[in-house]
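2 protein chains.
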Amino acid sequence: MRGLMQSQPLLVSDLLVFAERFHGNVEIVSRRVEGDIHRHTFRDAARRARQVAAALDGEELLRGERVATLAWNGYRHVELYFGVSGSGRVLHTINPRLTSEQIRWIVEHAQDSVFCFESSFLPIVQAIWSDCPSVQRWVILCDHDKLPTDTGIGNLISYEAWIGEQEAQYHWPRLDEESACGLCYTSGTSGDPKGVLYSHRSTVLHSFAVAMPDALCLSARDTVLPVVPMFHVNAWGLIYAAAAVGFKLVLPGPLLDGASVYQLIEEEGVTLAAGVPTVWQMLLGYLRDHGRRFSTLRRTVIGGSAVPPSMYNEFVDQHGVEVIHAWGMTETSPVGAVATLRASQLGLDMAQQRSLRLKQGHPLFGIDMRIIDETGQALHWDGKACGDLQVRGHWVIRAYYPGGDSEKACDLLEDGWFSTGDIATIDGDGFMQITDRSKDVIKSGGEWISSVEMENIAMAHPAVAMAACIGVRHPKWDERPVLVVMRKPGAELSRDELLALYEAQVAKWQIPDDVLFVEQIPLGATGKVQKNKLRALCRDYVTWAA
Amino acid sequence: MRGLMQSQPLLVSDLLVFAERFHGNVEIVSRRVEGDIHRHTFRDAARRARQVAAALDGEELLRGERVATLAWNGYRHVELYFGVSGSGRVLHTINPRLTSEQIRWIVEHAQDSVFCFESSFLPIVQAIWSDCPSVQRWVILCDHDKLPTDTGIGNLISYEAWIGEQEAQYHWPRLDEESACGLCYTSGTSGDPKGVLYSHRSTVLHSFAVAMPDALCLSARDTVLPVVPMFHVNAWGLIYAAAAVGFKLVLPGPLLDGASVYQLIEEEGVTLAAGVPTVWQMLLGYLRDHGRRFSTLRRTVIGGSAVPPSMYNEFVDQHGVEVIHAWGMTETSPVGAVATLRASQLGLDMAQQRSLRLKQGHPLFGIDMRIIDETGQALHWDGKACGDLQVRGHWVIRAYYPGGDSEKACDLLEDGWFSTGDIATIDGDGFMQITDRSKDVIKSGGEWISSVEMENIAMAHPAVAMAACIGVRHPKWDERPVLVVMRKPGAELSRDELLALYEAQVAKWQIPDDVLFVEQIPLGATGKVQKNKLRALCRDYVTWAA
Chain G
2 MRGLMQSQPL LVSDLLVFAE RFHGNVEIVS RRVEGDIHRH TFRDAARRAR
52 QVAAALDGEE LLRGERVATL AWNGYRHVEL YFGVSGSGRV LHTINPRLTS
102 EQIRWIVEHA QDSVFCFESS FLPIVQAIWS DCPSVQRWVI LCDHDKLPTD
152 TGIGNLISYE AWIGEQEAQY HWPRLDEESA CGLCYTSGTS GDPKGVLYSH
202 RSTVLHSFAV AMPDALCLSA RDTVLPVVPM FHVNAWGLIY AAAAVGFKLV
252 LPGPLLDGAS VYQLIEEEGV TLAAGVPTVW QMLLGYLRDH GRRFSTLRRT
302 VIGGSAVPPS MYNEFVDQHG VEVIHAWGMT ETSPVGAVAT LRASQLGLDM
352 AQQRSLRLKQ GHPLFGIDMR IIDETGQALH WDGKACGDLQ VRGHWVIRAY
402 YPGGDSEKAC DLLEDGWFST GDIATIDGDG FMQITDRSKD VIKSGGEWIS
452 SVEMENIAMA HPAVAMAACI GVRHPKWDER PVLVVMRKPG AELSRDELLA
502 LYEAQVAKWQ IPDDVLFVEQ IPLGATGKVQ KNKLRALCRD YVTWAA
Chain F
2 MRGLMQSQPL LVSDLLVFAE RFHGNVEIVS RRVEGDIHRH TFRDAARRAR
52 QVAAALDGEE LLRGERVATL AWNGYRHVEL YFGVSGSGRV LHTINPRLTS
102 EQIRWIVEHA QDSVFCFESS FLPIVQAIWS DCPSVQRWVI LCDHDKLPTD
152 TGIGNLISYE AWIGEQEAQY HWPRLDEESA CGLCYTSGTS GDPKGVLYSH
202 RSTVLHSFAV AMPDALCLSA RDTVLPVVPM FHVNAWGLIY AAAAVGFKLV
252 LPGPLLDGAS VYQLIEEEGV TLAAGVPTVW QMLLGYLRDH GRRFSTLRRT
302 VIGGSAVPPS MYNEFVDQHG VEVIHAWGMT ETSPVGAVAT LRASQLGLDM
352 AQQRSLRLKQ GHPLFGIDMR IIDETGQALH WDGKACGDLQ VRGHWVIRAY
402 YPGGDSEKAC DLLEDGWFST GDIATIDGDG FMQITDRSKD VIKSGGEWIS
452 SVEMENIAMA HPAVAMAACI GVRHPKWDER PVLVVMRKPG AELSRDELLA
502 LYEAQVAKWQ IPDDVLFVEQ IPLGATGKVQ KNKLRALCRD YVTWAA
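Those protein sequences? They're chains G and F, same order as listed.
First residue of the first sequence: 2, per the working numbering; consecutive thereafter.
First residue of the second sequence: 2, per the working numbering; consecutive thereafter.
In short, the hints are calculated from the structure, not lab data.
There could be a bad hint or two in this list.
[Said to hold, decoys possible] Computed list of lysine to any residue pairs in SDA-like fashion (alpha-carbon distance at most 20 Å, straight line):
no., chain 1, residue 1, chain 2, residue 2
1, F, 195, G, 3
2, G, 195, G, 407
3, F, 409, G, 3
4, F, 489, F, 278
5, G, 529, G, 187
6, G, 534, G, 475
[Said to hold, decoys possible] Computed far set for chain F versus chain G, every beta-carbon distance over 10 Å:
no., residue
7, 26
8, 120
9, 122
10, 291
11, 294
12, 306
13, 343
14, 448
15, 490
On a predicted model such as this, the values are computed, not experimentally measured, just so you know.
Cβ atoms here follow ideal geometry from the backbone N, Cα and C, with glycine treated the same way.
Chain G extracted, bound-state conformation (with noise of 0.2 Å):
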């Protein structure tokens, strides 16, 4: 017996119309690569993103034809996610730090018909733009009198003239609900990019979830500042969860530095901020440098790489603001955990409920998970055992895109479940935390080492900028970790004072056996360490230690 409740398809169109209806006034404050600000309303972006479904109606672009974009967080690209993927395109986000190739190679793959792009970005698109066939359009997100000439780009029109001739009104369709919404491509540290793609349903149920008071807690109070990138992973969710409870969105455009990120906090009354801990360093180093407080910020949440326990006791301790750790990946739409605390563990000390806030946290309703060991058991969670990450749930992967209109995908799933690639504990109430990367760890001895916790050791020395711990061959543990590390400019630290910090801490046989000094670690396209990178730089470095 079927119930009797209406039944209408979650869609991605629906969260922009709820927004113009009931949150039409609440504002989009957006930096420009222009430098200056701009600000208008849902209203405006509502009216605006039907001008893009009928742009791209405009173009005969079929449902399910990809739009690419290359853009910075801002009120255009919030236009084209709505626009996009309401009128039953797939909006797919090309992560501008990738190399042209890689981008060019992403393009054809997914097949792109209509390519977005800032204005910043024009080299990029010169250098590819004769190689991708697909491409029957070129935008460039800009005003009409700012379109640059003589790109030698075929069919390149601006945003503003793409757009403007176009009627505001225009019928969102109501398709089905498991059609495709977005499409993002994993950064490809090994081997090539692997697309993810959305739908929906799922879009629209992880909107719910991250709004969540266990998750990121998101009202209509709220003034959010996402620094984590449109471009990738839907900056987690924000946009979308912004139009479903109607906060108000600050939108950093290119200036991620720190004077830059606390002005827009300051002057929009910010009072949470999203984004990976590279931003936060230099945000904290801003206001270090330079005695600053937040007036409004009340929250952070940080994700993307675990956060290192100084940021977090920096952002508490002395500026009073909530640190959210959230962890996801692009297959986990991305959020997947949050480290908040339930009601139980309110009665632990500080210290304590700080250790657990450091984890990845537990999953939220639509998400469950586990961790396998190497035969496929499920571990126990009692915060020790370690083992494969595997998760399931509503806006989980079932299968990379095969490219193109291609329907042919292949099931990636072992029994129902997604293999993460993280080595994780789960302790008792649920709290996942990860110890590695499973192609990370180091494995000396028949014993694994966490080159997380290494890294965490070395990143709480004052003098240290980054640190990455790598393992490298050993003639008798097989591996044996080393350290490389990036001081503070004009910061002094030798190899024995950092390697003194280890034996109050690690039982030691996992102290790093060296410490390689360099002026730069490796960062790739989403601001993870490539660790690749390093290890083809000790490839053949023969330990002192052994």
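Model the placement of chain F on the given structure of chain G, informed by the hints.
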């Protein structure tokens, strides 16, 4: 092109599975009909819900068959919520405040197969059981050794004996998410009761919505007391939300008097309590009479009927307890709107904020609203124009239950909208305010007078325990308002003294013509004033003031 995310049904059983895995130690504390306090956890509830499911398999109930409950808020009722729905049957909650004949009518209409009831309702069941041929099994929610003897009821068993024989292993079926999971009949103040048939999908989506920060803001740090009954409109979704979020549940059983509710709040550390105004009148009266204070309560959710401003003030000003005014109906699962503020409203002065918070509020994402005039035209959102309130959304009814196993439901919707029977305004921020039930509005000389507005003015007088305003026939003006007032015990208040209150607050033609003081105002099964009875009382009443 379809997305490539995992596609799983939204199921009530998944809520409980999640709670068991990630919130297994969270407590469910219940006052039993025997008077004692029972404590167990979500882990226990999950095990026993599986036993309920197995017991229903033992009864050979097919999917879609109805299991009736006539029960207070308590742990066994929680187990039935999940065990019945999770196994594919339909949980039919029945309001014990209905008459025996109404209950018999409902059981026959629904063709319930199993009937579970508290021992305190034995007299009701003894009155109807022989006229309920569809019921094959009667279950008393008690221990085996407390099973009453000589009841005369055939196929009677205690709940503990019924589930105690079952295996704790059970594989929850992967149902179609559109399957019916619950059934609740409206109180039927006019005509026969009408059944609302919830689906798994509507119920799970509603759980997300009620937990959101701009709704009840439910976190795993809360301890929640649903005084609102599980036997009607699913205790506002709080049981399902408890499993999704992992908060502690405190269930008051049959004792809803001020002293008992206060004791539970204090002893269990309740942070949020939810109920109708009548219950809070008793609680606030108790606090006043005994000089008590709340030590943990931070928020009350009030719905079911409009919050009297005097009650709002007493909670907020005297006790520092936030009042969250929520609106909904059986047909909206029930939460349709909540009066929580937005950032733009936080700058208003306290009186303005209060008047917004006393409105029925804004819908949550997933619900849309409009007001229409008599010709069906949508009215402007200016906070003044009032018209018929219509809603639509994921947890709004499409058709009433036709009864039995029948699938032939008759669609209720007008152009996709459900007419609530309320008259309302909507302001520029999308805040909806109900001015009346359409059948209660008083039409005087071609103008509308809101009975709710007239009642609120009377209710603000300290000598008034309860007030209702109804229209009485008038030869010149068609209808004129008359107040029916129940004074507080021992309080004195004259007609002229009360009517004098209106002069500064409403237009002269809106002032009620007269006041009838009564000993008791009749309330229906869900605690609402039975205005049809008052109208009958006043049928031949001729106004003095004509």
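Comparing the hints with the structure gives:
no.	hint	in the structure
1	F:195 x G:3	holds, 17 Å
2	G:195 x G:407	holds, 14 Å
3	F:409 x G:3	holds, 11 Å
4	F:489 x F:278	holds, 16 Å
5	G:529 x G:187	holds, 12 Å
6	G:534 x G:475	holds, 19 Å
7	26	violated, 7 Å
8	120	holds, 30 Å
9	122	holds, 26 Å
10	291	holds, 28 Å
11	294	holds, 21 Å
12	306	holds, 24 Å
13	343	violated, 4 Å
14	448	holds, 29 Å
15	490	holds, 40 Å
Hint compliance for this structure: hints 7, 13 are broken, all remaining hints hold.
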